[in-house]
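Sequences and hints are given; from them, build the entire structure.
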Amino acid sequence: MKKILIVEDEQHQRELYVMELQEEGYEVDQAANGKEAVDKVKVNKYDCVVLDIRMPEMDGIEALGKILSRDKKVPIIIYTAYSNYKSNFMTWTADAYITKSSNLKELKDKIKELVSARS
Amino acid sequence: MKDKLLQFFAITLFIIVIAVTTSITISMYFINARSWVFYLSIVCTMLLIVLFVYIRIIHKILFIDKIEKLHAIAENFKKGEFHLKVGQIPGDDPFAKIYTELLSASRNLENIIKSQKIEIEKLRELYTNMMFSMNAYIVVLDIHNTILFTNDLFLKKFQYTPQEVSGKNITELFYFLTGTVLQAIEEIKKTHESIVLEKAHLISNNRITVIADIKLSYMISNNEPQIIMVMDDVTSKTKRDYQISLITRLSEKIQKDDVLDHVLRTILTAVTSGTGLGFNRAMLFLKDEKNNVLYGRMAVGPDTLEEAFAIWSSLSPQKDKEILSRGVNGDDVHGQLLKEKVTSTSFDLSEETIFTEAFKTGETIHVYDAYHDPRVNDEIRSFIDVNEFVIVPLIALNKTIGIVIADNKFNQMPITQDSVDLLTVFAYQAALSIESYNSLDLLKKEMEKIKQRQEAIVESEKLAAIGRIASHIAHEIRNPLVTVGGYSRRILQNITQNPPDVQKIKKAAQIIMTETERLEKILANVMDFTRPSPFLLKFNNINDIIRDTASLLSNLFQERRVELSLQLYEVPLIKSDFNQMKQVMLNLLQNALDATPPYGVVEVKTYADDRYVYIDVSDTGTGIDEENINIIFEPFYTTKTTGVGLGLAIVKKIVADHNGEIKVTNRERGAVFTISIPLP
Numbered sequence: 001m002k003k004i005l006i007v008e009d010e011q012h013q014r015e016l017y018v019m020e021l022q023e024e025g026y027e028v029d030q031a032a033n034g035k036e037a038v039d040k041v042k043v044n045k046y047d048c049v050v051l052d053i054r055m056p057e058m059d060g061i062e063a064l065g066k067i068l069s070r071d072k073k074v075p076i077i078i079y080t081a082y083s084n085y086k087s088n089f090m091t092w093t094a095d096a097y098i099t100k101s102s103n104l105k106e107l108k109d110k111i112k113e114l115v116s117a118r119s
Numbered sequence: 120m121k122d123k124l125l126q127f128f129a130i131t132l133f134i135i136v137i138a139v140t141t142s143i144t145i146s147m148y149f150i151n152a153r154s155w156v157f158y159l160s161i162v163c164t165m166l167l168i169v170l171f172v173y174i175r176i177i178h179k180i181l182f183i184d185k186i187e188k189l190h191a192i193a194e195n196f197k198k199g200e201f202h203l204k205v206g207q208i209p210g211d212d213p214f215a216k217i218y219t220e221l222l223s224a225s226r227n228l229e230n231i232i233k234s235q236k237i238e239i240e241k242l243r244e245l246y247t248n249m250m251f252s253m254n255a256y257i258v259v260l261d262i263h264n265t266i267l268f269t270n271d272l273f274l275k276k277f278q279y280t281p282q283e284v285s286g287k288n289i290t291e292l293f294y295f296l297t298g299t300v301l302q303a304i305e306e307i308k309k310t311h312e313s314i315v316l317e318k319a320h321l322i323s324n325n326r327i328t329v330i331a332d333i334k335l336s337y338m339i340s341n342n343e344p345q346i347i348m349v350m351d352d353v354t355s356k357t358k359r360d361y362q363i364s365l366i367t368r369l370s371e372k373i374q375k376d377d378v379l380d381h382v383l384r385t386i387l388t389a390v391t392s393g394t395g396l397g398f399n400r401a402m403l404f405l406k407d408e409k410n411n412v413l414y415g416r417m418a419v420g421p422d423t424l425e426e427a428f429a430i431w432s433s434l435s436p437q438k439d440k441e442i443l444s445r446g447v448n449g450d451d452v453h454g455q456l457l458k459e460k461v462t463s464t465s466f467d468l469s470e471e472t473i474f475t476e477a478f479k480t481g482e483t484i485h486v487y488d489a490y491h492d493p494r495v496n497d498e499i500r501s502f503i504d505v506n507e508f509v510i511v512p513l514i515a516l517n518k519t520i521g522i523v524i525a526d527n528k529f530n531q532m533p534i535t536q537d538s539v540d541l542l543t544v545f546a547y548q549a550a551l552s553i554e555s556y557n558s559l560d561l562l563k564k565e566m567e568k569i570k571q572r573q574e575a576i577v578e579s580e581k582l583a584a585i586g587r588i589a590s591h592i593a594h595e596i597r598n599p600l601v602t603v604g605g606y607s608r609r610i611l612q613n614i615t616q617n618p619p620d621v622q623k624i625k626k627a628a629q630i631i632m633t634e635t636e637r638l639e640k641i642l643a644n645v646m647d648f649t650r651p652s653p654f655l656l657k658f659n660n661i662n663d664i665i666r667d668t669a670s671l672l673s674n675l676f677q678e679r680r681v682e683l684s685l686q687l688y689e690v691p692l693i694k695s696d697f698n699q700m701k702q703v704m705l706n707l708l709q710n711a712l713d714a715t716p717p718y719g720v721v722e723v724k725t726y727a728d729d730r731y732v733y734i735d736v737s738d739t740g741t742g743i744d745e746e747n748i749n750i751i752f753e754p755f756y757t758t759k760t761t762g763v764g765l766g767l768a769i770v771k772k773i774v775a776d777h778n779g780e781i782k783v784t785n786r787e788r789g790a791v792f793t794i795s796i797p798l799p
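Just so you know, the sequences run in chain order D and Z. Per our numbering, the very first residue in the first sequence carries number 1; after that it's consecutive. Per our numbering, the very first residue in the second sequence carries number 120; after that it's consecutive.
Keep in mind that the hints were calculated from the coordinates and are not lab data. Small disclaimer: the values here were computed from a predicted structure and weren't measured. Be a bit skeptical, because a hint or two may be false.
[Said to hold, decoys possible] Subject to a maximum C-alpha distance of 25 Å in a straight line, what follows is the list of computed SDA-like cross-link-like pairs (lysine to any residue): (1) D:K110 with Z:R608; (2) D:K35 with Z:D620; (3) Z:K197 with Z:I168; (4) Z:K626 with D:S102; (5) Z:K724 with Z:N674; (6) Z:K626 with D:K35; (7) Z:K640 with Z:Q629; (8) Z:K657 with Z:Q629; (9) Z:K356 with Z:Q536; (10) Z:K625 with D:S101; (11) D:K112 with Z:R608; (12) D:K108 with Z:D620; (13) D:K86 with Z:E753; (14) D:K35 with Z:D776; (15) Z:K458 with Z:R597; (16) D:K2 with D:N88; (17) D:K105 with Z:D776; (18) Z:K701 with Z:M632; (19) D:K86 with Z:N674; (20) D:K105 with Z:M632; (21) Z:K640 with D:Q11.
[Unchecked claim] DEER-style ranges, computed between Cβ atoms: (22) Z:R680 with D:D109: 42 to 48 Å; (23) D:D109 with Z:L656: 43 to 49 Å; (24) Z:Q686 with D:D109: 44 to 50 Å; (25) D:M19 with Z:Y688: 55 to 61 Å; (26) D:M19 with Z:E639: 22 to 28 Å; (27) Z:K782 with D:V43: 27 to 33 Å; (28) Z:Q686 with D:M19: 49 to 55 Å.
All residues carry an ideal CB built from backbone N, CA and C; glycine is no exception.
Right, dumping it as structure tokens:
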């Protein structure tokens with residue numbers, strides 16, 4: 001079973017993603033900020049990381065670098081309400097940049113694409 | 120004669136007496152020798168008597184002579200003549216002695232008088248010299264203001280002959296006499312105390328203008344009261360002072376007044392105002408670059424002698440100042456003809472005339488006799504219609520831009536070098552004003568361009584701000600919207616299931632509700648900022664507001680292990696809205712707390728001076744990035760992962776509503792926000 005890490009500070013959103021992705025048949029792990037995410041990546045092996053940008057303690061951009069320095073190959077999707085971070089070159093190291101939407105179809109499709117490409 | 124007869128008679132008598140006596144004695148001797156002795160004794164007695172008489176007579180004759188001499192001396196003395204012809208009375212009788220004494224006395228007296236005369240002469244000379252050399256006009260009046268005496272200087276200055284002056288009333292000598300002079304004369308007749316009048320303005324019948332400090336004194340001479348007026352001529356000094364102040368005022372005016380016409384008119388008026396330079400008329404010609412001509416720009420001066428009199432009689436130093444201070448607005452009724460004449464005249468610069476010469480050489484030309492001066496052509500002669508005039512070029516920054524022509528057409532006074540020099544100074548000022556006006560015009564146009572550019576920049580900045588605001592709102596709203604939308608979808612999916620998971624639906628609906636409330640809060644916050652509630656201004660102690668807010672946040676501070684230190688000094692009450700100010704403190708303290716790591720300190724300090732109450736909120740956080748220091752008060756600026764970015768914008772708005780200001784500075788560790796609210 002493919003393992004996915006959801007990094008999102010907003011609890012309700014996080015829970016929504018977890019439920020939705022579980023229903024898609026993924027094993028879903030969750031982190032409330034960048035720091036937690038980096039800690040989890042240290043111990044676990046994920047097939048995909050979904051990363052919010054604006055978070056307390058450690059934001060998504062910092063976490064992105066740190067995760068990649070642990071595991072260069074893990075696919076990372078930046079999933080944010082901000083469309084303007086797309087122009088920040090720090091986000092270019094991510095595999096995908098998706099603006100948040102209530103319809104999770106785009107996110108799900110991208111996860112599917114990245115996960116299947118890995119295997 | 121009488122004396123001589125007397126003398127002759129006496130001598131004859133004496134001889135007769137001797138003869139008779141002798142003959143009687145001789146005949147007696149022959150007649151009776153016995154009686155010879157008897158007769159002899161009679162004759163001797165008679166002889167003695169005659170001798171006695173003779174001596175008396177002789178004496179008398181001799182004394183008369185001497186008495187006459189003494190008498191003559193007395194007569195001379197009476198006349199005050201002590202210079203006597205040296206003569207002597209022979210002998211050493213008392214007459215001779217007295218005579219000698221008188222002679223020596225007369226010599227003494229003569230010496231005394233001589234030396235006194237020398238003294239008097241010296242004094243006379245001194246006084247005369249004083250009268251002449253004293254640079255003052257002296258007039259002595261009797262009680263009816265009739266002139267008893269004037270010194271030569273007075274006559275010379277005002278061009279009167281002694282005959283024209285004597286016996287005249289003082290008012291008859293002057294065309295214009297400052298009213299205070301006559302008042303002072305009347306005053307001194309009553310009080311007998313000296314009066315000094317400063318800068319009295321006098322114009323003689325010959326139009327000779329003098330400004331004088333007049334000292335009036337009262338004296339009694341031969342039992343007649345007299346008034347002495349000593350006039351100290353301060354015309355040139357006053358002129359100088361006036362001209363200096365004129366220049367100062369003028370340059371002030373030039374700096375203030377941007378209407379070129381006003382400035383030029385002020386300059387020309389200054390040149391022609393009576394106590395200014397004394398020119399009667401002044402005309403300004405400027406170069407027209409396009410047509411290469413000198414065209415008449417402006418002129419100031421009377422058209423007729425009557426107008427000239429009217430102007431001069433109304434002149435006073437005060438009036439001149441008024442002219443300058445209120446500015447000349449072109450409503451001058453005098454000199455319309457001159458103005459029209461000048462402004463409709465132009466001189467071709469390609470022609471060789473005295474005007475173009477002054478313009479081209481940049482040198483002042485003083486024409487003394489226009490009717491005979493070969494440099495003056497007929498056109499100019501008929502245009503200027505005056506014998507003596509002066510042309511001064513207007514030079515600004517080494518470039519001649521025009522000429523000023525000035526003359527004394529009406530009072531025909533000679534133009535002094537002094538006046539020419541000052542006209543040059545004024546011409547320089549005029550030239551500068553014209554040039555600076557032209558530059559100013561250019562500058563104004565440039566400024567307009569810059570202003571437009573600035574406005575464009577401001578506009579684009581506004582757009583950028585709107586962009587930032589939109590982006591922040593988008594983010595703030597998107598998160599709850601994603602949640603709401605996501606859970607709505609879940610509810611829909613759940614309903615289609617059989618049986619639907621009511622628990623899940625319930626939970627999703629709960630989340631939707633919470634997120635909707637969050638959206639409402641965000642909106643309310645935005646609304647608060649854009650439409651603040653009306654203020655309730657009361658006198659509040661800012662320290663109370665701070666304590667109130669601090670107690671509200673004390674748990675939060677404890678939780679985050681940040682110390683909240685209050686240093687509140689007694690400050691005056693300020694007119695404020697308690698709740699709004701509480702909001703300010705709440706936002707600032709919240710920000711400070713968020714910026715401060717655990718074990719840091721947030722400090723609030725209040726103090727006041729005579730104008731403001733100050734509140735400092737400082738933290739020990741990382742401070743504010745210098746690049747952001749100007750935009751932190753902008754709406755939707757935030758460094759926080761949570762929050763709308765309205766906190767500081769709201770703070771600024773409320774402070775501004777209290778007529779106050781908020782500033783932020785970085786200190787060694789952290790930032791300091793300083794609010795200043797003016798005292799009521």
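Checked hints:
no.	hint	in the structure
1	D:K110 with Z:R608	holds (19 Å)
2	D:K35 with Z:D620	violated (35 Å)
3	Z:K197 with Z:I168	violated (42 Å)
4	Z:K626 with D:S102	holds (17 Å)
5	Z:K724 with Z:N674	holds (20 Å)
6	Z:K626 with D:K35	violated (29 Å)
7	Z:K640 with Z:Q629	holds (17 Å)
8	Z:K657 with Z:Q629	violated (43 Å)
9	Z:K356 with Z:Q536	holds (16 Å)
10	Z:K625 with D:S101	holds (22 Å)
11	D:K112 with Z:R608	holds (20 Å)
12	D:K108 with Z:D620	holds (23 Å)
13	D:K86 with Z:E753	holds (24 Å)
14	D:K35 with Z:D776	violated (42 Å)
15	Z:K458 with Z:R597	violated (78 Å)
16	D:K2 with D:N88	violated (30 Å)
17	D:K105 with Z:D776	violated (49 Å)
18	Z:K701 with Z:M632	violated (30 Å)
19	D:K86 with Z:N674	violated (40 Å)
20	D:K105 with Z:M632	holds (23 Å)
21	Z:K640 with D:Q11	holds (18 Å)
22	Z:R680 with D:D109: 42 to 48 Å	holds (46 Å)
23	D:D109 with Z:L656: 43 to 49 Å	violated (59 Å)
24	Z:Q686 with D:D109: 44 to 50 Å	violated (60 Å)
25	D:M19 with Z:Y688: 55 to 61 Å	holds (57 Å)
26	D:M19 with Z:E639: 22 to 28 Å	holds (25 Å)
27	Z:K782 with D:V43: 27 to 33 Å	violated (49 Å)
28	Z:Q686 with D:M19: 49 to 55 Å	holds (52 Å)
When the structure is compared with the earlier hints, violations turn up for hints 2, 3, 6, 8, 14, 15, 16, 17, 18, 19, 23, 24 and 27 and for no others.
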